[in-house]
Each structure stands twice: as C-alpha cells, then as structure tokens.
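Please take these sequences and the hints and turn them into a complete structure.
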Amino acid sequence: MVNMRQSGIMATRQASTAALAEASLMTPPRHPSKVPQTPTGLRMGDESVVSALKNDDDTSVASTIVPAAVANQSGTAKKPARECDFDKNPTKLYLLIQDKKWDEAARRSSESPPEAYTWVSRRERDGKLRWRLLPLHAAIIFKAPERLVEALLCAYPPGAQCK
Numbered sequence: 293m294v295n296m297r298q299s300g301i302m303a304t305r306q307a308s309t310a311a312l313a314e315a316s317l318m319t320p321p322r323h324p325s326k327v328p329q330t331p332t333g334l335r336m337g338d339e340s341v342v343s344a345l346k347n348d349d350d351t352s353v354a355s356t357i358v359p360a361a362v363a364n365q366s367g368t369a370k371k372p373a374r375e376c377d378f379d380k381n382p383t384k385l386y387l388l389i390q391d392k393k394w395d396e397a398a399r400r401s402s403e404s405p406p407e408a409y410t411w412v413s414r415r416e417r418d419g420k421l422r423w424r425l426l427p428l429h430a431a432i433i434f435k436a437p438e439r440l441v442e443a444l445l446c447a448y449p450p451g452a453q454c455k
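Following the numbering used here, the numbering of the sequence shown begins with 293 at its first residue and continues without gaps.
Hints may contain errors.
[To be verified] Derived EDC-like pairs: lysine to aspartate or glutamate, alpha-carbon spacing no greater than 20 Å straight-line:
(1) Lys380 <-> Glu442
(2) Lys455 <-> Asp377
(3) Lys435 <-> Asp391
(4) Lys392 <-> Asp379
(5) Lys384 <-> Glu442
(6) Lys393 <-> Glu403
(7) Lys380 <-> Asp391
(8) Lys435 <-> Glu396
(9) Lys455 <-> Glu442
(10) Lys420 <-> Asp379
(11) Lys384 <-> Asp395
(12) Lys435 <-> Asp395
(13) Lys384 <-> Glu396
(14) Lys420 <-> Asp391
(15) Lys392 <-> Glu438
[To be verified] Label-pair distances were calculated between CB atoms; the ranges are:
(16) Lys380 <-> Pro405: 19 to 25 Å
(17) Glu442 <-> Arg417: 36 to 42 Å
(18) Gly419 <-> Glu442: 34 to 40 Å
(19) Gln453 <-> Asp418: 27 to 33 Å
(20) Trp411 <-> Asp391: 15 to 21 Å
(21) Cys376 <-> Asp418: 32 to 38 Å
(22) Arg417 <-> Asp395: 31 to 37 Å
(23) Leu387 <-> Glu442: 17 to 23 Å
No wet-lab data here; the hints were simulated from the structure.
C-beta atoms are modelled at their ideal positions from N, C-alpha and C, and glycine is treated no differently.
Here it is in structure tokens:
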C-alpha cells in the first residue's frame, strides 16, 4: 500500500481542512434545513462529518468530507457535463489511459482539463447504455499508478464524487 504522506495527498488534505476551518469561522451559520445536501444526503458545509475508508489491508483511514467547494446548490459538479461515444469519438485522454500510457495521460490531463470531465460512454446496438466513465474511473479500473489518479483529481476534483 502506498504511504499517503509520501504522495502529497496528506498535505493536500491538511491544507484543505485548514482552509475549511478558516472559512467556517468567517461565514455565519445557516439553519440546517436551508443547507443544501449532497447527492449522498450529507449536508454541504458540515466539516464534522467523517467517513472511514477501508484500505486493501482492512485498515481504516479517517477523512473529512469536503463541503460545497466541489458542488453547487443542486449538489452537482460545477463543470458542464460533456460526453462522447467510445466507438465514435473517444477522448485522447481516455485512450491513453486504456493503453496504460500513464505519463502521457497525466500530461494530457493537465494540458487538456476538459477531457478530465468528459464522460466516455458505450452503448449496445439497441441504444441501451452499456457503460459510462470519467477518465478518473477508467484510471482506477485499469489500475493506474497513484500519480495519474492525483493528476486527474487535480484536473477535475468533483470527479471523485461522480458516479
């Protein structure tokens, strides 16, 4: 298992948590019924919500849920939804991930961020949706190294909440 302190994720999480704590001191509290909810039903802006994530070795890692910075009032991602058909016009980023060209894919995600939030989908002959993935999802499925996952998260942070 990769040590999160070495990868930079821990530093990013600590900086985000500090920024959230500072922001919560500057904004007046809102009535809970008027605070928008995320798609999972959690209230945005509630820094006290903590989730436990399971690692492959069954150890838990506690992480604070990041509030409204990645979602708008309706709980959806701020970037416009883009989609392309895998069989007709897949993005270069998706193809690089599929071909396991990790370094090129990481470079592409920073050079062309819109590709990081472009859904790639495939349909059956009858038109029924077969699958629909963001490049982040594809990277995880194809077991990409952590550096690519981090690059994709930097290019499109709300991708971690999309399904």
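Now for the hints, and whether the structure bears them out:
1. Using a Cα cut-off of 20 Å, the hinted pair Lys380 and Glu442 is violated, with the two alpha carbons roughly 28 Å apart.
2. For a cut-off of 20 Å, the pair hint linking Lys455 to Asp377 stands: about 17 Å separates their Cα positions.
3. Note on Lys435 and Asp391: the hinted pairing holds, with a Cα-Cα distance of about 12 Å set against a maximum of 20 Å.
4. With a C-alpha separation of about 18 Å, the suggested pair Lys392 and Asp379 falls inside the 20 Å cut-off, and the hint holds.
5. Taking the CA atoms of Lys384 and Glu442, the gap is near 18 Å; set against the 20 Å cutoff, the hint holds.
6. The straight-line distance between the Cα atoms of Lys393 and Glu403 is roughly 15 Å, inside the 20 Å bound, and the hint therefore holds.
7. Taking the CA atoms of Lys380 and Asp391, the gap is near 17 Å; set against the 20 Å cutoff, the hint holds.
8. Distance hint between Lys435 and Glu396 is fulfilled; the C-alpha atoms sit about 15 Å from each other, no more than 20 Å.
9. For a cut-off of 20 Å, the pair hint linking Lys455 to Glu442 stands: about 18 Å separates their Cα positions.
10. Simply put, Lys420 and Asp379 have alpha-carbon atoms about 14 Å apart, close enough for the 20 Å limit, and the pair holds.
11. Between Lys384 and Asp395, the direct Cα distance comes to roughly 13 Å. Compliance with the 20 Å bound is thereby established for this hinted pair.
12. Our distance criterion of 20 Å between C-alpha atoms is met by Lys435 and Asp395, whose separation comes to about 14 Å.
13. Restraint check for Lys384 and Glu396: the C-alpha separation of about 10 Å stays at or below 20 Å, so the hint holds.
14. Simply put, Lys420 and Asp391 have alpha-carbon atoms about 26 Å apart, too far for the 20 Å limit, and the pair is violated.
15. For the given pair, Lys392 sits about 13 Å from Glu438 by alpha-carbon distance, which is consistent with the 20 Å threshold.
16. Between Lys380 and Pro405 the Cβ separation comes to about 22 Å, which falls inside the hinted range of 19 to 25 Å.
17. Roughly 38 Å separates the CB atoms of Glu442 and Arg417, a value that falls within the hinted 36 to 42 Å.
18. In this structure the hint that Gly419 and Glu442 lie 34 to 40 Å apart at CB holds, the actual value being about 36 Å.
19. Distance hint check for Gln453 and Asp418: the Cβ-Cβ separation is about 31 Å, which falls inside the suggested range of 27 to 33 Å.
20. Separation of Trp411 from Asp391 is about 19 Å and conforms to the stated range, judged on CB atoms against 15 to 21 Å.
21. Here the CB-CB span from Cys376 to Asp418 is close to 20 Å, at odds with the stated 32 to 38 Å.
22. In this structure, Arg417 and Asp395 meet the distance hint of 31 to 37 Å, their C-beta atoms being roughly 36 Å apart.
23. Checked against the given bound of 17 to 23 Å, the beta carbons of Leu387 and Glu442, roughly 20 Å apart, stay inside it.
The structure is inconsistent with the numbered hints 1, 14, 21, although it conforms to all the rest.
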